[in-house]
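Visitor: Put the complex together from the two separate chains, hints included.
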Amino acid sequence: MALFEALLELADDHLVLGHRLSEWCGHAPMLEEDLAMPNMALDLIGTARNLYAYAGEVEGKGQSEDDLAYLRDERAYRNLLLVERPNEDFAHTMLRQLYFAAFMHPYWQAALSSSDETVRGIAGKAVKEMAYHIRHAGEWVVRLGDGTEESARRMKDAVFALSIYVDELFEEGAGDDALPSRAAIRPVFDKTIARIFDEAGLESLEVPFPQSGGRDGRHGEGLGHMLAEMQSVYRAHPGASW
Amino acid sequence: MTGEVPLWEVFIRPRNGLAHRHVGSLHAADEVMALQAARDVYTRRGEGNSIWVVPSKAITASDPDQAAENFEPGEKIYRHPTFYDIPEEVGHM
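Protein chains in written order, with my numbering: chain V, 2 to 243; chain H, 31 to 123.
Only true hints are included.
Below, simulated SDA-like cross-link-like pairs (lysine to any residue); rule was C-alpha separation at most 25 Å, straight line:
1) K126(V) / L65(H)
2) K129(V) / V62(H)
3) K129(V) / E61(H)
4) K129(V) / I46(V)
Sample of chain H residues at the chain V side, in silico, Cβ under 8 Å:
5) V35
6) H57
7) A59
8) M63
9) D70
10) R74
No wet-lab data here; the hints were simulated from the structure.
Note that this is a predicted model, so its numbers are computed, not measured.
By construction, the Cβ of each residue, glycine as well, lies at the ideal position given by its N, Cα and C atoms.
Bound conformation, chain H alone (with noise of 0.2 Å):
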């Protein structure tokens, strides 16, 4: 059955000003089952206040072999504000 049921990412935010979090994923036939779902299956143990549920397929990922240039800035330093001296009479920024 799960062969033709759709795959969701479901998404927690577990108090009130925090952002909703990554927290798994599950089969469900649509939006409606799938909000159910998650319910039933992550927040059992009053592990949030709001869900949301994504279609995996909507989500467009990296390509793992672009790494090296996606992520590996080597050593530009001065891509970090410790790079840079404040002047004393700046105070704090």
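The shape of chain V in the complex, shown without the other chains (with noise of 0.2 Å):
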């Protein structure tokens, strides 16, 4: 059952991910960005029904997308933290994106060479879109943090309270053969962050006390109140198909 597990891992972070981004439609500083981060969400999500679909024919006890998607709660979530972080403002759900996207990226090159034929189908859609991400939050992230006096303060406080979410990512979790180490990963996650946070003009930080537990289905208390939105109508209307 590890690939199920391992699935169910990355299918989590995809969505709670891309619902956060979500949030934002109708909120954005601007028209543009009010399109760009629906792209976004809706890319994850996408990744994420794809994740899923697959975990439950792995598992093969009939469970559909929307079952493992809405019918699962808060402590069987193995999300990672950073994912489930509140949006707050634009400098923070631009680093939150640009941490991920810099490890998924890699992530889903290496399960290109996947020995599973499904997991490279995913992985040859997502790794296109993992580079734009990128692209799109590092400019932003360059663009705030050496932008006005208060822009920059308010990035210095995203890399504050996110950097504790970092070390996280490269925790193996559940892991199977069919998967990508993400440990070996952080090399590479390293270089784009260093990259971008140079231009930035930002300093990575030391974390002396990093925190972990969402692949255990310990969160924080953020993500019960999003769950509880996100899966309401379709408790509410169980078998609903829409």
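Guide: So, in structure tokens, the structure goes:
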């Protein structure tokens, strides 16, 4: 069942971050970003759907993607703490996006040579999307970090708030031979972040007490509220399709 | 915010061999962000394979008040090729 568990972890990461990003829809600071963020949210939710569908197939107990997404409680969610962090301001949102995409891009690249054909298929689509997310979020991090006094302060605050969740990205979690090693991705991730931080005038922080526990279902208080909202329609109308 | 952010005109080329066509405008802080925004706003449904963005302020437009002298050539029918009789012997030109 290692593959099922590992797929679920990945799917939860994508769905939770996708939902968080979608919360910006209608609230972005300008129309252009109001389209860009739901675009990225739908990329993530699309990947989550593929992963849930495959996880259900691998498990073989007839669970659909909707069952897995909408009928599991907070403690059953296996997502990283990073992706459930609240949107806060634009600096937080873009840095969270950059961290995740800078991790997922090399991850999917490695998954392109997976022994599992479905994993290769999902990776082939996702790798292009993640390249764009790095570019989009990266450009914003550079402009905010190297922008006005206030934008630089907000960007520094975001680095302070979110860097404690970075180490968890590289924990192997459920792991499976069909999926890439997460720890092995660290050097590529560090290089991407260093390049962008350098341009943004930001410094990476030493993290004496990194936070983790998401893979074991130990989450921050925000996730429960998010899931309650996200799952309410499906739970009110079980089995409804759309 | 948009008050301080410059306006850009967006041109998309639908296919190789065709010309870039004006599709609309958007706000962005600089040319890199303008290209990204153009990708997100105007190419989500596979509309093209190349994007140009041009600062709107770089475009010089004709004055609508001069429309009469600019665009109404009137009865100068000799400006159309069909005004001229071509001798049969010339064949297709």
